[in-house]
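Q: Read off the chains here:
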Amino acid sequence: MRALRLLPLLALTGLVLLAAPASAAASSGPALAAAQAGEAAKIIDFDYSPGRLTVEAGTKVTWTNTGSRPHTATDRGGTFDTKPIAPGAKAEVTLSTPGIYFYFCRINPAKMNGVLVVEPGPDEPRAVRVQAVDPGFTGDKLRFDPSELTVAAGTTLLVANVGGKPHTLTADNGAFDTGIVEPGADGGRFAGHNASVTLNQAGTFKFHCEIHPAAMKGTVTVTGEAAAPGPAAASAGPREVDVGAVDFGFEPNNASVAAGGKVKVANKGQAPHTLTFDDVQLDTGSIAPGASAELTAPDAPGSYSYRCTVHPARMRGVLVVLGSDTEDPNAQAAAPPPAAAPSGGGGTGPGAGVSAFVLAAAVVAAFLGGIGISAFALRRRPAT
Amino acid sequence: MDLVQLLNDLTGGQLLLWKVLITSVIFACAGLQVLLAARFYEASTVPPISTGAAARTHRLNGKLTVTLAVVVALSCLIGPAGPTSPTRVLLHSVFGSLVFGLLAAKYTALKLRPSWGRYLPWIGSGLFLTFAAIWATSVADYVTAR
Numbered sequence: 000m001r002a003l004r005l006l007p008l009l010a011l012t013g014l015v016l017l018a019a020p021a022s023a024a025a026s027s028g029p030a031l032a033a034a035q036a037g038e039a040a041k042i043i044d045f046d047y048s049p050g051r052l053t054v055e056a057g058t059k060v061t062w063t064n065t066g067s068r069p070h071t072a073t074d075r076g077g078t079f080d081t082k083p084i085a086p087g088a089k090a091e092v093t094l095s096t097p098g099i100y101f102y103f104c105r106i107n108p109a110k111m112n113g114v115l116v117v118e119p120g121p122d123e124p125r126a127v128r129v130q131a132v133d134p135g136f137t138g139d140k141l142r143f144d145p146s147e148l149t150v151a152a153g154t155t156l157l158v159a160n161v162g163g164k165p166h167t168l169t170a171d172n173g174a175f176d177t178g179i180v181e182p183g184a185d186g187g188r189f190a191g192h193n194a195s196v197t198l199n200q201a202g203t204f205k206f207h208c209e210i211h212p213a214a215m216k217g218t219v220t221v222t223g224e225a226a227a228p229g230p231a232a233a234s235a236g237p238r239e240v241d242v243g244a245v246d247f248g249f250e251p252n253n254a255s256v257a258a259g260g261k262v263k264v265a266n267k268g269q270a271p272h273t274l275t276f277d278d279v280q281l282d283t284g285s286i287a288p289g290a291s292a293e294l295t296a297p298d299a300p301g302s303y304s305y306r307c308t309v310h311p312a313r314m315r316g317v318l319v320v321l322g323s324d325t326e327d328p329n330a331q332a333a334a335p336p337p338a339a340a341p342s343g344g345g346g347t348g349p350g351a352g353v354s355a356f357v358l359a360a361a362v363v364a365a366f367l368g369g370i371g372i373s374a375f376a377l378r379r380r381p382a383t
Numbered sequence: 000m001d002l003v004q005l006l007n008d009l010t011g012g013q014l015l016l017w018k019v020l021i022t023s024v025i026f027a028c029a030g031l032q033v034l035l036a037a038r039f040y041e042a043s044t045v046p047p048i049s050t051g052a053a054a055r056t057h058r059l060n061g062k063l064t065v066t067l068a069v070v071v072a073l074s075c076l077i078g079p080a081g082p083t084s085p086t087r088v089l090l091h092s093v094f095g096s097l098v099f100g101l102l103a104a105k106y107t108a109l110k111l112r113p114s115w116g117r118y119l120p121w122i123g124s125g126l127f128l129t130f131a132a133i134w135a136t137s138v139a140d141y142v143t144a145r
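These protein sequence lines are chains A and B, in that order.
Mapped onto numbering that gives the first Met the number 0, the consecutive letters of the first sequence carry residue numbers 0 to 383.
Mapped onto numbering that gives the first Met the number 0, the consecutive letters of the second sequence carry residue numbers 0 to 145.
Quick caveat, the hints were computed from the structure, so don't treat them as lab data.
Ideal Cβ positions, reconstructed from N, Cα and C, are used throughout, including at glycine.
There may be inaccurate statements among the hints.
[Claimed, not checked] Among chain B residues calculated to face chain A with C-beta under 8 Å, some are:
#1 16
#2 30
#3 54
#4 56
#5 127
Taking the hints into account, I'd like the entire structure generated from these sequences.
A: In C-alpha cells, the structure reads:
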C-alpha cells in the first residue's frame, strides 16, 4: 500500500523519461550535422562570414543563417543555390569542381557577396571551373578567372558567367567554343548561366571571349590524352500563384510568379495572418481565418522575402518574381547542376542549448515536485 | 499598439522561443512550490530550512510563478503558438484553463473557506501536475517537432 503512494513520483519520472529521448533526439540533430560538416560558414544580416572561404574539392560547406531574414547562398555562375535559408536554419552544398566561386544572396544581391575557393583534392579533377568576370554586377574588370590553367586531357572546363554581360570562351584556333554564356537576368539579380567544353586534345591553347576579345584572354595547357560534355535551360513564370497561410507557415514558402502577376493568399489556419513583404510596400493586411486576399507582384524581377506580421518568427517565405526570360530558381531544384550538389534546407531546430535547458528544467521540476507529492502521500496523519 | 508586435520586438523576433524557456522555468518553479509546501506542512524534511522560511519562499515563488504563467497565457491567447495539432491544442487549452481553475480553488480555500484547508496539498499537487501537462503539450511538442 505504501508503495502505491510512490505512484506520483513514478508517474512523473515516467513522464520525463518519455519526453527525454524525443528531446535528446531533437537536440542531437544539429550536433550530428555539425560533426559531419566539412566547413562551416555563417550568414548574418547582411553578409557572409567568412567572406572568403577556401576548401578542398568534395568538402561539404554548411551555411547557418544567424540573421533575422531569410537569405540564400547562390552561385553567380548558376551551379548551386541553397534556396532561401530561414533564420536559424542551415543549408549545405558540396563542391566537387575546383575553381573560384563568386556567390551571393539572391534576396539581397547588392549587399551580400562572398567568395568560395575550391582547391583540387588528391584526385585529378575531371572538371575545372573558369569564371567570366566583368564590371556588370561584381564591379570587377573584364577577365577570365583563372586566365592561365593546366589540365589533363579529358577535363571539362565549366565556364560560369558571374558578371552582367554575355561572354564566350573560345579557342583562338577554333578547337573549342562554349558559345554565348548569358549573364544573370536583370543585371545580376539572378544567377548567371554556365556552359562547358571538354578538352580532349593535348596542347597549349590560347582562348578569348568573342564579345570582349581585347580584354578577356587566357591560356589552357592540356596534358596527356582522353573523352564528353553538357549545359542548362530557361522558363517563363506563371501569371498567378496561390500561397496558403496555415498555422504557422506559408505553403509553399518558395513560390515563383511572373512580374506583375497575381499572388492569391488564402488563410487556411485558425489564426489571423498577413503576408507582408520586407523590402517593398506590399501587404495583404490581416486576413481572417477562411478569408483570402490578393496582391500584385512587383514589376522588377528578383527574390522578395515576406513574413506574417502576426507570427513573424515562424512564418516567412520568399517570392521569386520572374522576368520574361528569367530561369526559375524554384524549378531549378529538380535538375541538380553538374558541379555542385545542394542538399537540404536544414532543420529549423531550436538548438541544442534550448533543448538541454528545457529538458533540465523538466527533470528538476519532476524531481522537486515528485518529492513534494510523495511526501504528502506518505505523510503520517495524526491519530483521531 | 500591436501587443504581439511589441512582444516580438522585445524578444528580437523570438517570442515563441522565450515562451518555451519561460514555460520550462514555470514548470521548475511549480515543482519547487510543492516541495516547499511539503516542508512547511512538515511532511518532508527537505529542503533543510525552517518551516517559516519555507512558507515565505513558497509565497514569493508562487507570486513569481503565477506572474510568469499569466504572461505566457496572455501571449498564448493573442500571439504565436507552436506546431499545431488539434488534439494537442485542445489538451493544452484544457490544462491551461485548469491551472487558473485550480488557482481559484486554492485562493478560495485560503481566504474564503478555511475548512477546505485540508485539500490544499492536493490542490497544490494538482496544480503542479497540470503545469507538467502544459509543459508536455507545448514545450515537449515544440522541441520534438522542430
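Q: Hint by hint, note whether the structure agrees.
A: Cross-check of the supplied hints:
no. : hint : verdict
1   : 16   : holds (6 Å)
2   : 30   : holds (3 Å)
3   : 54   : violated (14 Å)
4   : 56   : violated (12 Å)
5   : 127  : holds (4 Å)
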